[in-house]
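These protein sequence lines map, in sequence, to chains V and E. 247 is the number of the first residue of the first sequence in this note's numbering; add one for each residue after it. 860 is the number of the first residue of the second sequence in this note's numbering; add one for each residue after it.
Because the hints were derived from the structure by calculation, they are not lab data. Computed from a prediction, not measured in an experiment: that's the story for all the values here. Backbone N, C-alpha and C fix where the C-beta goes; we use that ideal spot for every residue, glycine too. Be a bit skeptical, because a hint or two may be false.
If you want a taste of the chain V side facing chain E, the calculated C-beta under 8 Å gives, among others [to be verified]: (1) Leu260; (2) Gly268; (3) Met287; (4) Ala301; (5) Ala305; (6) Gln306; (7) Leu308; (8) Phe322.
To list a few chain V residues with every Cβ distance to chain E over 10 Å, as calculated [said to hold, decoys possible]: (9) Leu251; (10) Asp252; (11) Ala258; (12) Gly271; (13) Glu296; (14) Gln302; (15) Asp311; (16) Arg312; (17) Ala313; (18) Asp317; (19) Gln324; (20) Ala331.
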Amino acid sequence: MSLSLDQVQRIADLARIELAPGEAGQTRDQLNGIFALIEEMQAVNTAGVEPMAHAQDVAQRLREDRAVETDCHLAFQQGAPEVEAGLYLVPKVIE
Amino acid sequence: MINASLKELSAALANKQLSSVELTTLFLDRIGKLNPALNAFITVDGEKSLAMAREADARIARKDGGPLTGIPLAHKDIFCAEGWRTTCGSKMLSNFVSPYDATVIERFKAAGTVTLGKTNMDEFAMGSSNETSFFGPVKNPWDTATVPGGSSGGSAAAVSARLTPAATGTDTGGSIRQPAALCGLTGLKPTYGVVSRWGMIAFASSLDQAGPMAKSAEDCALLLNAMAGFDARDSTSLERPAEDYTRDLDKPLAGLKIGLPQEFFAAGLSADVARAVEAAIAEFRRLGATTVDVSLPSMRLSVPAYYVIAPAEASSNLSRFDGVRYGWRAPQYGDLTDMYCKSRAQGFGAEVKRRILIGTYVLSHGYYDAYYLQAQRIRRLIAQDFVEAFRQCDVIMGPTSPTVAFDLGDKAGNPVQMYLSDIYTIAVNLAGLPGMSIPCGTGNRGLPVGLQIIGDYFGEARMLNAAHQYQLATDWHCRAPAI
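Extracted from the complex, chain E is given alone in its bound form:
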């Protein structure tokens, strides 16, 4: 049952082969047993979960359920959930109980899913290894000496270790795709504006986007159906007709044109990852796709541009944490300014402070043009590169991460090294495109390798089609760590 797809679980629930309470209990028991070693969850509240499960069972009994009713899910602790502690991985919010639901949570509640708990993450989603969490690092279930990736590392580890059938994540520079790659999962970041950001604690508002993390493309499509949709409360939410993201899953791949950017296969890509990604592309060719070489010449500037834009937006967003309305307040202080300075110094961890300082600097008088505007111009060049590339292909493929999971502590002391682990994912956020990662083999030490699929704007269904057809022909996505 722990390896079942959402479709199989849904059928089992509808046929009364099992109840949501039984299913929820099964996963709560696994969390109880395995979470101490993995630290994938920050908050678990079995009573609340079981109450939701009972409600779902009642809905199913009166034939009022949908395809996700009764299915347990874990949510990244960046989503405000009413009555649940919502920490964003920070001491700043370590005692914050949300008075309201994020739109994503609200939509999943309406669909009848059960919340299993809130998953660990890099503090305020700033990190690529889940080591910046105030609640301690998450361990990768494939090898607990390695990181699960970040920032949605808890969600990735939880799905990978089968502590939950699926989970939510958020992706500002790769935070769904990179942990999905490192933990052997399928994860999808939608086109910017497709999923509401309301109630999702903001990091870099022009880049943040929520998406599903699951065992397969089919599961991701079902979850995205529930997550996506216009929300008047998010000023960047797009007014578009609703889509069924499962609609193209079964289409054959014949005629699909895959763009291969030479920049994705240049120096810096580890040989084991290159081998697995190239084998996956060969499989796509066997399935009827053709490949074409494309170029993203400005992609090399995506990391520098991102580390101006994201911290600039973060420094503005995180100014709300001042120890007045919510969050940590220093126990001792002098005047109001001293209260702000001490509360923020104590409430934020080192990486968050670094990014606030970078952001404050690049937005300050005299530096705005040289840094912030220049980064925004480069962002335009990067987006234009993709527009050019998509004239020649339907989807772009390459590695998600330059290496398999690295050891805990390996890059923690070197921010620049850590930043470079997102070199293949960041450009997608800057352009606002959809991207996903699917498992496509193993590399060094038998650790999972992720294939990144990048779609054109609103090309989610096409990406999911490609991923699903690959998953029908291969079994990398079915492999689970021996834990």
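Chain V with its partners taken away, still in its complex shape:
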């Protein structure tokens, strides 16, 4: 398998990472090198093997539905790039 420049650009768009002009070519070559390593998996017959998502075979714990955390938004927003009146500011999304 080999990625095209368009595919690399598409993946970068999905990942919300801007590629600088000229960066796509080098990124493609490196990704293709890594995919060559990954391709080794494809030859293995895994029919009937249950995918393993987690190291321990345990069920998700549930707890009572009640608020346990205290309001820490002031402390948490100390590190935010732009905050006003307790809200995180971002460029206008809705005109």
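Since the structure of chain V is already known, use the hints to place chain E on it.
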């Protein structure tokens, strides 16, 4: 004092031979002197450390201390620590001061340890040489032209150079064991779910596990006693009765069955490492253990499967870094999407971006089954190999890393070469098993070689027993670099 074990330090503190403030000052002074050449620490804050030391001394004075009270430790900069800058080795978090403590930090605080500082690491724990850190590479104290390993390279270098008695690390594909091997330390990755991941910045959540890095197995056991335990805030934390990991240290090794996977000793293993590992196994036989050949036929697929699963989980975990709630925001941007794209392009380094792109691709429509599900099926095959092997043995042994420490810059330009340096450690994370590395000799250029010990699920005490008995009979773990 800088070479003392935790037990010795603890006794000295309890007997008032020295105070925690004196001990902390000693290590802060060493950090001040030696860190500029090693770059093992990203953040040091002597005032904060000494305040913790004074508190520990007060606890000891009112006989309210435990076995770790007053002992200084360094923490990998992946653990959120309240009031401390917590960067994860990234420009993305270069100004992030954590508003809360990770559970690991909280538990060490409750035990009365002193935080000496936050150690350097590969960016977001993605790397095997500590060269991907935004804060520059760490140098291996044994030879500053070589890498300390990664991703917990700062913790490894700091313990090795005796800038701290011990440190914390995290291990997603070998990030405790490989740097421990390359720096001549004892490092332990527990069974997945034994140590809480809460407040530990996530890389690949189904693989990440925190553990101790220290000078000996005994020190690691004491540290693991403080780190391990159920935490309701981590949904993958296991509800198990508390264990004393020191309980089996003194048991003799007679009857211990060691499995030797042929795959660990095949082509690709450097001759100097093979010699030291084989000598160590011979020593275990002298101590009363027996060996049996086992096979892990799917292990060769662990690197490919890992480089699908870990990036897939990373691409999802790292989507939180969007320049909105914390972390780097690009100074100039157009609309919201442009702000995301530019902030992430500027905030992440090359290796992190590569892994996010791989992860995004293998999870995208049309490729999920072929890559992600296939990798998860292979993960099952690898885990089953270990189940089979552990029917015949108590622990598995082999090399931790195929070579001793390599030169800085040697593999930095070749991601695939770098990935293959974790060929013996990755399978353990995929299976969720505990593993450790102990120093077992020297190889080329006199650099340390690590012996990997892999335990069955929850077999930490048994691994520590084997390691401790070996360390009673040998002195590789006592050797320190001339720095």
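Hint check results:
Interface restraint check: Leu260 (chain V) against chain E, minimum CB-CB distance 5 Å, threshold 8 Å, status holds. A distance limit of 8 Å between C-beta atoms decides the matter here; for Gly268 (chain V) the minimum to chain E is near 13 Å, and the interface restraint is violated. Hint status for Met287 (chain V): holds, given a least beta-carbon distance of 5 Å to chain E, under 8 Å. The restraint placing Ala301 (chain V) at the interface with chain E holds, with a minimum CB-CB distance near 2 Å, inside the 8 Å limit.
The interface hint given for Ala305 (chain V) is violated, since its Cβ lies 11 Å from the closest Cβ of chain E, which is over the 8 Å cut-off. Interface restraint check for Gln306 (chain V): the shortest CB-CB distance to chain E comes to about 7 Å, inside 8 Å, so the restraint holds. The closest approach between the C-beta of Leu308 (chain V) and any C-beta of chain E is roughly 10 Å, which is over the 8 Å cut-off, so the hint fails. Hint status for Phe322 (chain V) relative to chain E: holds, with the closest Cβ pair at about 6 Å, below 8 Å.
In this structure Leu251 (chain V) is separated from chain E by more than 10 Å, as the shortest Cβ-Cβ distance comes to about 13 Å. No Cβ of chain E approaches the Cβ of Asp252 (chain V) within 10 Å, the least distance being about 13 Å, so the stated non-interface status holds. Annotated as non-interface, Ala258 (chain V) brings its C-beta within 10 Å of a C-beta of chain E; the closest such distance is 6 Å. At the 10 Å boundary, the C-beta of Gly271 (chain V) stays outside the reach of chain E, the nearest C-beta of that chain being 14 Å off.
A beta-carbon of chain E comes within 10 Å of the beta-carbon of Glu296 (chain V); the shortest separation is about 6 Å. Distance check for Gln302 (chain V) against chain E: the nearest CB is about 5 Å away, which does not clear 10 Å, and the non-interface claim fails. Even its closest Cβ contact with chain E, about 14 Å, leaves Asp311 (chain V) beyond 10 Å, as expected for a residue assigned away from the interface. Against chain E, the non-interface label of Arg312 (chain V) holds: every CB pair exceeds 10 Å, the least being about 13 Å.
The Cβ of Ala313 (chain V) lies farther than 10 Å from every Cβ of chain E, with a closest approach of about 14 Å, so its non-interface assignment holds. The claim that Asp317 (chain V) lies off the interface holds: its Cβ sits roughly 12 Å from the closest Cβ of chain E, which is beyond the 10 Å cut-off. Distance to chain E contradicts Gln324 (chain V) as a non-interface residue, since its nearest Cβ pair spans about 7 Å, not more than 10 Å. Non-interface call for Ala331 (chain V) relative to chain E: holds, since the shortest CB-CB distance, roughly 16 Å, exceeds 10 Å.
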